[in-house]
Amino acid sequence: MDKVESLANEIYEKYKDYGVDRKEIVEKLKKLLLEFKVPESEAIRTMNNYIIREYKVPREELKEQFTKIGDIKEAGKWVSVKAKVVQLWESGSPSIAQTGLIGDETGVIRFLIWAKANKQPVVEGKSYIFRNVVVDDYGNVLRLNVTRISEIEELKEDIAVKPIEDLREDTEVVGALVAIQQNSGLIQRCGEEGCNRVIKSGKCPVHGKTKWYDDLRIKGVLDDGERTYEVIINEEGVKELTGIDIEKAKKMAEENYDRGAVLEELKKLLLGKYLKVVGSLTPRYLVAKQVEFYRPDIKNEINELLAELEEG
Amino acid sequence: MTVFMKREVARRVFAKELMDSTYAMRDEGEKSPVYILTPLGLKCNRVFIIGALTEKTDVGEDSSIYRIRITDQTGSFVGYIGRFQPEAYDAIAEIDVLNLVAVTAKVRLFEGETRKFVSLRPESISIADAESRDYWVVETAKATIQRIREMERGEGENVKLAREIYGTDVEEYRKAVKEALLRLKEEYTVEEEEEIVEEEEIEEEGDIDFDIEEEEIDLTELLED
Numbered sequence: 001m002d003k004v005e006s007l008a009n010e011i012y013e014k015y016k017d018y019g020v021d022r023k024e025i026v027e028k029l030k031k032l033l034l035e036f037k038v039p040e041s042e043a044i045r046t047m048n049n050y051i052i053r054e055y056k057v058p059r060e061e062l063k064e065q066f067t068k069i070g071d072i073k074e075a076g077k078w079v080s081v082k083a084k085v086v087q088l089w090e091s092g093s094p095s096i097a098q099t100g101l102i103g104d105e106t107g108v109i110r111f112l113i114w115a116k117a118n119k120q121p122v123v124e125g126k127s128y129i130f131r132n133v134v135v136d137d138y139g140n141v142l143r144l145n146v147t148r149i150s151e152i153e154e155l156k157e158d159i160a161v162k163p164i165e166d167l168r169e170d171t172e173v174v175g176a177l178v179a180i181q182q183n184s185g186l187i188q189r190c191g192e193e194g195c196n197r198v199i200k201s202g203k204c205p206v207h208g209k210t211k212w213y214d215d216l217r218i219k220g221v222l223d224d225g226e227r228t229y230e231v232i233i234n235e236e237g238v239k240e241l242t243g244i245d246i247e248k249a250k251k252m253a254e255e256n257y258d259r260g261a262v263l264e265e266l267k268k269l270l271l272g273k274y275l276k277v278v279g280s281l282t283p284r285y286l287v288a289k290q291v292e293f294y295r296p297d298i299k300n301e302i303n304e305l306l307a308e309l310e311e312g
Numbered sequence: 313m314t315v316f317m318k319r320e321v322a323r324r325v326f327a328k329e330l331m332d333s334t335y336a337m338r339d340e341g342e343k344s345p346v347y348i349l350t351p352l353g354l355k356c357n358r359v360f361i362i363g364a365l366t367e368k369t370d371v372g373e374d375s376s377i378y379r380i381r382i383t384d385q386t387g388s389f390v391g392y393i394g395r396f397q398p399e400a401y402d403a404i405a406e407i408d409v410l411n412l413v414a415v416t417a418k419v420r421l422f423e424g425e426t427r428k429f430v431s432l433r434p435e436s437i438s439i440a441d442a443e444s445r446d447y448w449v450v451e452t453a454k455a456t457i458q459r460i461r462e463m464e465r466g467e468g469e470n471v472k473l474a475r476e477i478y479g480t481d482v483e484e485y486r487k488a489v490k491e492a493l494l495r496l497k498e499e500y501t502v503e504e505e506e507e508i509v510e511e512e513e514i515e516e517e518g519d520i521d522f523d524i525e526e527e528e529i530d531l532t533e534l535l536e537d
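Line order of the protein sequences matches chains A and B.
As numbered in the working numbering, residues 1 to 312 make up the first sequence, in order.
As numbered in the working numbering, residues 313 to 537 make up the second sequence, in order.
Any given hint could turn out to be false.
Here are the simulated DSBU-like pairs of lysine-lysine, each with C-alpha atoms no more than 35 Å apart in a straight line [stated by the list, open to error]:
no., chain 1, residue 1, chain 2, residue 2
1, A, Lys16, A, Lys156
2, A, Lys250, A, Lys156
3, A, Lys289, B, Lys355
4, A, Lys37, A, Lys82
5, B, Lys318, A, Lys289
6, B, Lys318, A, Lys200
7, B, Lys490, B, Lys454
8, A, Lys82, B, Lys355
9, A, Lys200, A, Lys82
10, B, Lys318, A, Lys82
11, B, Lys428, B, Lys472
12, B, Lys318, A, Lys3
13, A, Lys162, B, Lys343
14, A, Lys289, B, Lys472
15, A, Lys299, B, Lys497
16, A, Lys203, A, Lys156
17, A, Lys23, A, Lys3
18, B, Lys318, A, Lys209
19, A, Lys299, B, Lys490
20, B, Lys454, A, Lys31
21, A, Lys14, A, Lys31
22, A, Lys162, A, Lys14
Keep in mind that the hints were calculated from the coordinates and are not lab data.
The structure presented is a predicted model; accordingly, all values stated were derived computationally and were not measured.
Assemble the whole structure, with the sequences as input and the hints as a guide.
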């Protein structure tokens with residue numbers, strides 16, 4: 001489909017309830033883009049203004065009406081939202097310029113900016129108006145799509161975002177554990193009331209030399225080939241995967257005269273393994289609540305892929 | 313909001329596609345890492361692979377560099393592990409050839425006198441099990457099929473660039489994916505005839521092309537970060 005056609009479709013979809021004529025849109029767009037060679041964004045603005053005037057799109061529709069993210073419940077709707085970019089993820093596809101999470105005080109939602117939309121990149125932590133974005137459903141996850149007819153406007157105000165920890169829904173991630181960080185294994189935490197910071201060489205960064213207690217955890221990177229998650233697996237999870245609990249870990253450390261022996265063993269057992277993690281996704285970490293080795297039905301997967309290849 | 317470094321994703325790519333690559337690129341901006349552009353338009357800086365460690369040779373003058381070869385269902389990756397990657401270096405010392413290994417590695421383009429080729433610089437390497445390997449093949453097949461689709465649609469900068477540089481024939485890669493999957497499928501369909509399958513696999517391994525000639529390489533370049 002050429003550029004004019006696809007652009008016309010988007011505009012038509014947006015205003016079709018007002019009786020707009022698709023052919024007319026195509027003709028006008030052709031004139032603007034091909035004959036007058038105006039920039040695409042100008043052509044869109046002109047078309048929007050024209051339709052609003054000619055078809056008497058009600059004023060209240062025109063007046064900025066912002067949908068709260070918590071109210072977005074179904075695919076296919078066009079909405080405008082005021083939201084903050086909570087996270088940017090690495091785009092897995094060249095056709096997607098940016099993707100991640102945006103949120104307001106009612107919730108968060110995935111968003112993507114298509115490369116074809118040709119927008120200035122958004123910045124993590126900044127707030128924007130996302131105007132005329134369309135909701136779609138991707139694997140049961142609703143997403144906001146920024147297309148060519150959408151607009152993104154930076155806001156001076158800071159939009160408060162509902163803390164992600166409050167969102168009850170857990171995320172499920174399957175990926176390979178591609179790295180285990182140094183401050184994993186049998187670690188020491190500060191014993192000061194409410195501190196629990198990891199301490200290094202016997203010193204808490206806040207409380208200095210202090211009483212401490214042992215803990216067992218993994219801080220690592222889970223990678224599904226499309227994006228990475230900094231994952232935290234607590235003692236329970238480590239035990240579930242490896243059979244090593246704090247007591248065993250302490251014994252290993254004693255026998256080897258080295259706390260690092262625990263980390264070495266965990267690396268041997270877990271690096272490069274596929275894990276299925278269910279947990280809460282905070283802006284920085286995926287905190288595992290449940291973790292297991294991923295064991296899919298390989299035969300079934302192979303057959304599906306072969307069938308897909310046959311389709312050509 | 314905490315600002316943190318973006319970690320490069322470890323892409324899933326078969327040896328054939330990665331080792332066919334001869335083009336390196338950077339994003340705009342000074343701090344961009346170097347990416348390899350594959351014939352199917354994948355831009356990658358890091359990979360995760362599971363395959364058989366088929367060679368491990370000490371090539372450093374003072375025993376500080378291992379040259380390794382890791383073979384998957386479509387071909388072989390070549391990698392170098394030096395002391396500058398301590399985690400991988402310590403691990404490889406304890407792993408014998410003909411084991412399945414999982415490797416997370418940076419990819420680099422090596423520019424020799426007469427030709428260019430891709431080599432891996434592993435960050436971590438560990439023993440893998442057959443089930444993980446099988447899933448790696450499935451995942452990698454899935455990702456490759458998706459790239460083939462994108463190439464066929466012909467949209468996207470990287471896809472266009474890849475086609476321009478390599479004149480990619482997607483059928484070649486479709487065939488490689490299919491063969492990889494069929495090879496894996498045998499394992500699951502004829503479990504009762506396991507012995508026969510094993511024999512076949514040995515034969516197939518003998519067929520793998522090991523004829524890549526190595527050039528005289530100045531290995532010091534590998535140690536630069």
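Measure nothing beyond the straight line between the CA atoms of lysine 454 of chain B and lysine 31 of chain A; if it is 35 Å or shorter, mark the hint as holding. Violated: lysine 454 of chain B and lysine 31 of chain A sit about 43 Å apart, past 35 Å.
Hint consistency between lysine 299 of chain A and lysine 497 of chain B [alpha-carbon to alpha-carbon, up to 35 Å]: 7 Å, holds
Between lysine 14 of chain A and lysine 31 of chain A, does the CA-CA distance stay at or below 35 Å? 20 Å, holds
Lysine 203 of chain A and lysine 156 of chain A were given as a pair; does the straight-line alpha-carbon distance stay at or below 35 Å? 42 Å, violated
Take a quick look at whether lysine 299 of chain A and lysine 490 of chain B sit within 35 Å of each other, Cα to Cα. Holds, at roughly 14 Å.
Agreement of lysine 250 of chain A and lysine 156 of chain A with the hint, judged by alpha carbon distance not exceeding 35 Å: Distance ~52 Å between lysine 250 of chain A and lysine 156 of chain A Cα, so the pair is violated.
Given the proposed pairing of lysine 37 of chain A with lysine 82 of chain A, does the C-alpha separation stay at or below 35 Å? Holds - the C-alpha atoms of lysine 82 of chain A and lysine 37 of chain A are around 32 Å apart, at most 35 Å.
Is the Cα-Cα distance between lysine 16 of chain A and lysine 156 of chain A 35 Å or less? 34 Å, holds
Straight-line Cα separation of lysine 289 of chain A and lysine 472 of chain B no greater than 35 Å? Violated, at roughly 43 Å.
Measure nothing beyond the straight line between the CA atoms of lysine 162 of chain A and lysine 14 of chain A; if it is 35 Å or shorter, mark the hint as holding. 30 Å, holds
Would you mind confirming whether the straight-line C-alpha gap from lysine 289 of chain A to lysine 355 of chain B stays at or under 35 Å? This hinted pair holds, its Cα atoms lying about 33 Å apart.
Are the Cα positions of lysine 428 of chain B and lysine 472 of chain B separated by 35 Å at most? 21 Å, holds
Checked against the numbered hints above, the structure breaks hints 2, 9, 14, 16 and 20 and satisfies the rest.
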